[in-house]
Amino acid sequence: MAAAGSRPSALAGRSERRSELIAAYSLIAIPIALFLVLNIGSILYALYISFWEWTTRPREIIGIANYQEILGDKVFQRSVTNTIYYAALVVPLQMALGLFLAVVVNQKIRGQTFFRAAFYFPAIASSAAITVLFIFIMSPSGLFNEVRSLLGLNPLFQALGFGPGHNWVGNSSTAMNSIILLNAWTTSGTMMLFYLSFLQTISREIYEAAAIDGAGPWQAFWKITFPLLRPGHYFVATVSVIGALQLFDQAIIAGGSGGEPANSLTTMVLYLYREAIREFHFGYAAAVGIILFVIIFGATLVQRRLFGQAPSW
Amino acid sequence: MTTIPGGAATTQAIRPQTALSEPGIAPVGDRSSGWRRRVAYVVLIGYALLMFLPFTWTVITSFKTQADSVRLTFIPNPVSLRGWENAFTELDPAIPVLFANSLGIAIAVTISNLVLGSMAGYAFARLRFPGREFLFLLVLATMMIPDPLRLVPVYQILRSVGLLGGNLQYVGVVVVLAVAAPSIFLLRQYFMSIPVALEEAAKLDGAGFFTTFWRIMLPLATPALAAVAILQFQGSWNGFFWPLIILTERNNATLPIGLVLFQEQYSTRWPELMAVVVIATLPILALYLFFQRYFVEGIAAAGVKG
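The listed protein sequences derive, respectively, from chains A and B. Under the numbering used here, the residue at position 218 of the first sequence is numbered 221, and the numbers go up by one with no gaps. Under the numbering used here, the residue at position 147 of the second sequence is numbered 279, and the numbers go up by one with no gaps.
Careful, some of the hints might be misleading.
To be verified - Some chain B residues well away from chain A (every beta-carbon gap over 10 Å; in silico):
no., residue
1, Arg168
2, Pro186
3, Gly249
4, Tyr302
Said to hold, decoys possible - Which bits of chain B does chain A cover? Going by a derived footprint, with three or more residues having C-beta under 8 Å, they are:
no., segment
5, 208-214
6, 222-232
7, 253-261
8, 279-293
9, 303-315
10, 356-365
To be verified - Straight line, CA to CA, 16 Å or less: simulated EDC-like cross-link-like pairs of lysine to aspartate or glutamate:
no., chain 1, residue 1, chain 2, residue 2
11, B, Lys335, A, Glu23
12, A, Lys226, A, Glu211
13, A, Lys226, A, Asp216
14, A, Lys226, A, Glu208
15, B, Lys335, A, Glu56
16, A, Lys111, A, Glu211
These aren't lab readings, by the way, just hints derived from the structure by calculation. All figures in this text were calculated on a predicted structure; none of them were measured in a lab. The beta carbon of each residue, even a glycine, is placed where N, CA and C say it ideally should be.
Bound conformation, chain A alone (with noise of 0.2 Å):
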């Protein structure tokens, strides 16, 4: 920021000072123009579209009734509770395999970029191939049914009450948990190259002195590489989480529009869109996402306070 103070303040002329003006607000207008209208336009209209009866037009303004009507309302209820037990499960998963690829790849190996580029492979395809995809593996007749099978594994598989032809994402119980595991499997790499940058600003002094100390690979794991990473850990956690309680693709791909079967994949955000683009409760819906943001915000205040020690962004 001290870049452009630092020119010789024989050029700094009132005409070049006008003509940086000039410069600066012509290459800014454009782009700030979008984002005062796009984004945080958009939540002051959002706000004001969520306390009026708004259809397919404005009718009347209502207050807040739209927000009674919501927090009262069994299926928004639902989507809550679903998007939370996704969150739940969801951001630990990933957080445990990025943060353990991160720590493998991060060793001396050989093929170490080949390894990293796999394990950051899953997460370069759109999230509809790769539901589609999964949606297969996971078909009554696909690829992980039939695994299980070869291995043995079915009647481990009964025990836990599911047959041979189970449909994971189709059945109500299994649905959820399909997505998570899916989501834990794609968004790992992202997570491994974020847990990467952290590792890297460890000192390996510390690694040393520790080896003299006679502290084993798992000693220093826990002791040392874990406890410095907190900075890491809070931002992946605020990542994951901020991520986790937007779901929507996977679930919609997987549930369609009423987040089938009943209502085990309808999410916030699918709530909102159900109500929005399906319905045109416009109104409404606004008043979902404001709602949603309040527990965003919420959920990265109380991440603060336990976790952080806010980092340097």
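Given chain A's structure and the hints, the job is docking chain B onto it.
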């Protein structure tokens, strides 16, 4: 679909020669014995195979017949092009239409992010003007806004200016994705890392701000521009949320939207569906193979999750 605030990762990752492409430090296992190493390799290779298996399975299935597609065989018997043929002849909207839509939108979004992102990034990095810090904070703050919250207001705004009908839907999608905060952020950080002396030399030769930006700064920022381009192209190509909401005309759909339409219609015609999955994934896979470095750096720098 979600954009997330860049974290502490940013500061280390965006600099010209970043740490991510260098061999990492070896905290644990430096002096580990042979067996531990071997176990590690077995785990690594096993997990890497698990990463590739699903996509390999997709490719194999796309060359199977319908009856063969539910069998656990790794070699299609017989090898059939029927799935591919049907995918190209039967599906509506046709694959080439979806492909062209995806490509056109991705190119427009990428160019727009490069142009607008580098303009704003340069101004925020180098020019002095009242409100600079505040406006930059404003840009960063937009990363905290969840897309779903913007669904209703953005939909209403686009509708009121007529961008939700017919072919103007393309414009609508591109406007919504025209400039992402991470593009500005990434380029600003990069411009700030370029020595000021280079610009001063240009100034002494009488170059104005625009000439300096265009002739000196932009060429120097090629690596950051590449990272932004890859990030945005991939994001737009794979994008689901905004295309689903805005591109409601069937023939305006992109590949991900088309794939979901097909999935509803042809629920268990796996060879056809897997052929479309391959088509939707192949361009990004090719980009990834050639520009892996930029993927990894762009993600780590911008904190953007797909």
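Checked hints:
Not every CB of chain A is more than 10 Å from the CB of arginine 168 of chain B (nearest about 8 Å), against its label as outside the interface. Distance check for proline 186 of chain B against chain A: the nearest CB is about 6 Å away, which does not clear 10 Å, and the non-interface claim fails. Not every CB of chain A lies more than 10 Å from the CB of glycine 249 of chain B, the least distance being 8 Å, so the non-interface label is violated. Listed as outside the interface, tyrosine 302 of chain B is consistent with that label: its C-beta sits roughly 17 Å from the nearest C-beta of chain A, beyond the 10 Å cut-off.
Coverage of a stretch by a chain is defined here by at least three residues with a beta carbon nearer than 8 Å to that chain's beta carbons; for the segment 208-214 of chain B and chain A the count is 0, and the condition is violated. Coverage of the segment 222-232 of chain B by chain A is violated in this model, with 0 residues showing a Cβ closer than 8 Å to a Cβ of that chain against a need of three. Here's how the segment 253-261 of chain B fares: 8 of its residues keep a CB closer than 8 Å to some CB of chain A, so the rule of at least three is met and the hint holds. Remark: the segment 279-293 of chain B is confirmed as covered by chain A, as 11 of its residues place a Cβ nearer than 8 Å to a Cβ of that chain, reaching the required three.
Coverage of a stretch by a chain is defined here by at least three residues with a beta carbon nearer than 8 Å to that chain's beta carbons; for the segment 303-315 of chain B and chain A the count is 5, and the condition holds. Under the rule that three or more residues need a Cβ within less than 8 Å of chain A, the assignment of the segment 356-365 of chain B is violated, with 0 such residues. Between lysine 335 of chain B and glutamate 23 of chain A, the direct Cα distance comes to roughly 12 Å. Compliance with the 16 Å bound is thereby established for this hinted pair. Only pairs whose Cα atoms come within 16 Å are accepted, and lysine 226 of chain A paired with glutamate 211 of chain A is accepted, the gap being roughly 13 Å.
Straight-line distance between C-alpha atoms of lysine 226 of chain A and aspartate 216 of chain A comes to about 13 Å, which keeps the hinted pair within the 16 Å bound. Proximity of lysine 226 of chain A to glutamate 208 of chain A is assessed by CA-CA distance (about 14 Å); at most 16 Å being required, the pair is judged to hold. At most 16 Å may separate the alpha-carbon atoms for a hinted pair to count; lysine 335 of chain B and glutamate 56 of chain A exceed this at roughly 58 Å. Restraint check for lysine 111 of chain A and glutamate 211 of chain A: the C-alpha separation of about 15 Å stays at or below 16 Å, so the hint holds.
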